[in-house]
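Undergrad: Sequence:
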Amino acid sequence: TPTLPPSPKIVALAVRPRIENTYPPPFADATPKSTMASSGSGYDLSASTFSPDGRIFQVEYAAKAVENAGTALGLRCRDGVVLCVEKPQMNKMLLANSSRRIHTVDTRSGVAVTGFISDARQIVHRAREEASSYDETYGAKIPPPVLADRMAAYVHYFTLHGSLRPFGATALLASYDPETKVHSLHMVEPSGVAYQYFGCAAGKGRQPAKTEMEKLNLNKADAAENITAREGVRQLARMVLSLHDEAKDKPFELEMSWLCEESGWMHRGVPRDVIKESVEWAKKDIADAEEEEEESDEEGVRQLA
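As numbered in our numbering, residues 41 to 345 make up the sequence shown, in order.
FYI, nobody ran anything at the bench for these hints, they're computed from the structure.
One should not assume that every hint holds.
Unchecked claim - Within a straight-line C-alpha distance of at most 30 Å, the following computed DSBU-like cross-link-like pairs (lysine-lysine) qualify:
#1 K104 with K221
#2 K250 with K290
#3 K181 with K323
#4 K323 with K290
#5 K260 with K323
#6 K250 with K324
#7 K244 with K181
#8 K104 with K324
#9 K104 with K244
#10 K323 with K132
#11 K288 with K260
#12 K255 with K288
#13 K132 with K260
#14 K323 with K255
#15 K255 with K104
#16 K250 with K260
#17 K260 with K290
#18 K104 with K250
#19 K290 with K221
#20 K250 with K221
#21 K324 with K181
#22 K132 with K316
#23 K221 with K255
#24 K132 with K255
#25 K181 with K132
#26 K104 with K290
#27 K290 with K255
Just so we're clear, the structure is a prediction, and the values are computed from it rather than from any experiment.
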C-alpha cells in the first residue's frame with residue numbers, strides 16, 4: 041500500500057520552532073532593589089513615594105535645580121537684614137530691571153528667590169496673600185516666624201501628593217516685627233523646611249559663600265561687635281564677585297535690598313550709589329588679596345630655593 045505524505049498542517053507543526061517564555065513572572069522586579077534605590081529608578085515617579093532607604097527623589101531633584109541657579113545670599117546684621125541675588129543676564133537684549141529676584145512681601149518683609157523663577161513667583165504670591173490675610177484678620181503685621189512657617193507649609197504641601205511636583209525654588213525671607221522690635225532672616229527650602237539664620241546662601245555658590253559668612257561677625261554675644269548693614273552690603277558684593285568666573289559664567293546683574301534702621305525698617309532696594317561703591321570696594325579688596333597671595337607664593341619659592 042503506498043504511503044501517504046503528511047498533511048501540510050502536520051508538517052508546519054513539526055517544523056515550527058519552540059518559543060520559550062522569556063518574560064519575568066508577574067510582580068517580579070527586573071532590577072535589584074539596591075540598584076533601584078541608589079539610582080532612583082522606580083522611586084522618582086512621584087513625590088509621594090519613598091525609596092527603601094527613606095529618600096524622596098523628587099524633592100532631591102528640586103533641590104538640585106536650585107543648586108544650578110544663581111546665588112542668593114542673606115545676612116542678619118546688628119541693625120538690619122541685607123539680601124543679595126546674582127541674576128544672570130541670559131540675553132544681551134534683556135532689560136536690566138526685568139525678571140526681578142527680590143520682591144517686597146509687605147512693608148516690613150521682603151524675599152529673595154533663586155531657582156525656577158516661575159515657581160518662585162508662586163511662592164512670593166502666596167507670601168503676600170498670607171501677609172495681607174493676617175493683617176485683615178488681626179489688624180497687625182504678620183510676625184516673621186509665622187510668615188516663614190506658613191510659606192514652608194505651602195511649599196511642603198506640594199511634596200505630599202502624586203499629582204503635584206515640588207517647587208524648584210528657594211526663598212530667603214527678611215522681616216521685621218514692630219511689636220518685638222526684632223529683625224530676622226529665614227530660608228524656605230524646596231522640601232518645605234524653614235530655618236532662621238544669621239547668614240544663609242542658596243544656589244550654585246552656596247558652599248563657598250557659607251564658608252565666607254562664617255568668617256564674619258554675625259552672632260557675637262556683644263551686638264556692638266557685629267557688622268552693620270552697610271558693611272553687610274560690601275561683604276555680599278565681595279562674595280558674589282569672588283564666586284563669579286568671567287570665563288565660564290554669564291554676565292550678571294547684582295540685585296540687593298535691605299530692611300534696616302537706615303531704611304526706617306522698611307524693605308527697600310539698596311540705593312544704586314551704595315551698590316556701586318560696594319562693588320568698587322569689593323573689586324579692590326579681591327585684587328589686593330590676590331596680590332598678597334602671589335607675594336606669599338613667591339616668598340615661599342625663594343625660601344625653598
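Undergrad: For every hint, state whether the structure bears it out.
TA: Against the structure, the hints:
no. : hint           : in the structure
1   : K104 with K221 : violated (36 Å)
2   : K250 with K290 : holds (22 Å)
3   : K181 with K323 : violated (39 Å)
4   : K323 with K290 : holds (18 Å)
5   : K260 with K323 : holds (28 Å)
6   : K250 with K324 : holds (22 Å)
7   : K244 with K181 : violated (34 Å)
8   : K104 with K324 : violated (33 Å)
9   : K104 with K244 : holds (9 Å)
10  : K323 with K132 : holds (23 Å)
11  : K288 with K260 : violated (37 Å)
12  : K255 with K288 : holds (27 Å)
13  : K132 with K260 : violated (44 Å)
14  : K323 with K255 : holds (19 Å)
15  : K255 with K104 : holds (26 Å)
16  : K250 with K260 : holds (17 Å)
17  : K260 with K290 : violated (37 Å)
18  : K104 with K250 : holds (17 Å)
19  : K290 with K221 : violated (40 Å)
20  : K250 with K221 : holds (27 Å)
21  : K324 with K181 : violated (41 Å)
22  : K132 with K316 : holds (21 Å)
23  : K221 with K255 : holds (27 Å)
24  : K132 with K255 : violated (36 Å)
25  : K181 with K132 : violated (41 Å)
26  : K104 with K290 : holds (20 Å)
27  : K290 with K255 : holds (28 Å)
Hint compliance for this structure: hints 1, 3, 7, 8, 11, 13, 17, 19, 21, 24, 25 are not met, and every other hint is.
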